[in-house]
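So the protein lines, in turn, are chains A and B.
In terms of our numbering, the first sequence is numbered consecutively and its last residue is 117.
In terms of our numbering, the second sequence is numbered consecutively and its last residue is 119.
Hints are computed from structural coordinates only; laboratory data are not their basis.
Be aware that a few hints might be false.
[What the hints assert, rightly or not] Stretches of chain B that chain A covers, calculated by requiring three or more beta carbons in the stretch to come under 8 Å of a beta carbon on chain A:
(1) 40 to 54
(2) 110 to 118
[Said to hold, decoys possible] Beyond 10 Å from chain A on every Cβ pair, some chain B residues (computed):
(3) Thr-13
(4) Glu-24
(5) Glu-74
(6) Arg-86
(7) Ala-94
For each residue, glycine too, the CB sits at the ideal point set by N, CA and C.
Listed below, chain by chain, are the residues.
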Amino acid sequence: AQSVTQPDIHITVSEGASLELRCNYSYGATPYLFWYVQSPGQGLQLLLKYFSGDTLVQGIKGFEAEFKRSQSSFNLRKPSVHWSDAAEYFCAVGAPNNNDMRFGAGTRLTVKP
Amino acid sequence: EPEVTQTPSHQVTQMGQEVILRCVPISNHLYFYWYRQILGQKVEFLVSFYNNEISEKSEIFDDQFSVERPDGSNFTLKIRSTKLEDSAMYFCASVSGGAGEQFFGPGTRLTVL
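Extracted from the complex, chain B is given alone in its bound form (with noise of 0.2 Å):
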């Protein structure tokens, strides 16, 4: 069955320092999405992204964050210049189009020291 996959598992990080969270989403899916659960916290929608452009972003996702799908498989986070808050684990999901069911992937553990 296809699935959705995120790679690092767990990201340790220096405060100040860039880090990039990688997804690859089910290969057929048209439209992608990041979210972010603080520890102990509930999901919180970040981003989605639809034919090579962001669709809808929350307050959440500032300047200090991007998005791309640089190539025909991956599609990735980017956060620029961490800080302690950003510690947190980043759900990838997307889904085939239409009426969605999102498929998450199994999340990436982001550690900001």
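This is chain A alone, in the form it adopts within the complex (with noise of 0.2 Å):
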């Protein structure tokens, strides 16, 4: 079965600089990945996902995400982060031939002022 993995527990970064959380995939074939962020007490927001075509996807909120094959990872980035992107953020892999999904551990995203 698919995993995921996010080395990173807790990230602090100062408004206004970039951000990039790691994602590292273990499955056979090409995955399907994603990116979700969690607001304390909140659902999942789907902030951006791959299936396939360009390794570099957009997704909302002015996050990107590079899949590289090679490295088997999905990292999420963002240019300049807001005070408002704190957040737990989380990695997950599906299957294609299943659809069934795997999340990583998360990583706490802390924005300094």
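Two chains, two frames, a set of hints: combine them into the complex.
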């Protein structure tokens, strides 16, 4: 079964600084890849997804992620972080043949003023 | 825009009681899922459901749990004889089919006392 690792449990960045959240996956073929954001006490909001095609995907709220097959990675980036971006971010990997999805442990983002 | 709904938003129960968490997936979706998120932890896959039967389940989904699609719209998760450690946020999700982005409901917070 597929699995995903988010190496960073907690990241703190200053407002206006750039951001990169790491995600590595394990799957035998090309997976479906997702990034979700969760604010405290809230549900999961999809930021972006990769199924096929262009390996650089654009999402909502100014986020983007790049699929790198050679590194089994799907890192999330944002050029300039806003205070409202403070939240928990989950990377998820899905198997195209069965739609089942597995989540990483999450990275908590804190934004300093 | 169609969305997945879940009721109740918060359920409080006594240890040993049975609870039923309800979900209404998006109407033309064919695959349904339950996930669990213990407070402060990652989102964990519980079970996937397709064509009126379980297609995959995790180690967490033992005999204490069951799922059902009792009619054309609802998708329920039953937890028998609840334990303190069942306290968590439970998310329902659905997918239209084939290559799929899972659409998540807002979650039900279950508190077992």
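Going through the hints against the structure:
1. Coverage of a stretch by a chain is defined here by at least three residues with a beta carbon nearer than 8 Å to that chain's beta carbons; for the segment 40 to 54 of chain B and chain A the count is 7, and the condition holds.
2. Under a criterion of three residues with beta carbons nearer than 8 Å to beta carbons of chain A, the stated coverage of the segment 110 to 118 of chain B is upheld, 4 such residues being counted.
3. With a minimum CB-CB distance of about 14 Å to chain A, Thr-13 of chain B clears the 10 Å threshold, and the non-interface call stands.
4. No Cβ of chain A approaches the Cβ of Glu-24 of chain B within 10 Å, the least distance being about 25 Å, so the stated non-interface status holds.
5. Every beta carbon of chain A lies more than 10 Å from that of Glu-74 of chain B, the smallest distance being close to 19 Å; the non-interface claim holds.
6. Separation of Arg-86 of chain B from chain A is adequate, the least Cβ-Cβ distance of about 24 Å exceeding the 10 Å criterion.
7. The claim that Ala-94 of chain B lies off the interface holds: its Cβ sits roughly 13 Å from the closest Cβ of chain A, which is beyond the 10 Å cut-off.
Against the hints set out earlier in the document, no violation occurs for any number.
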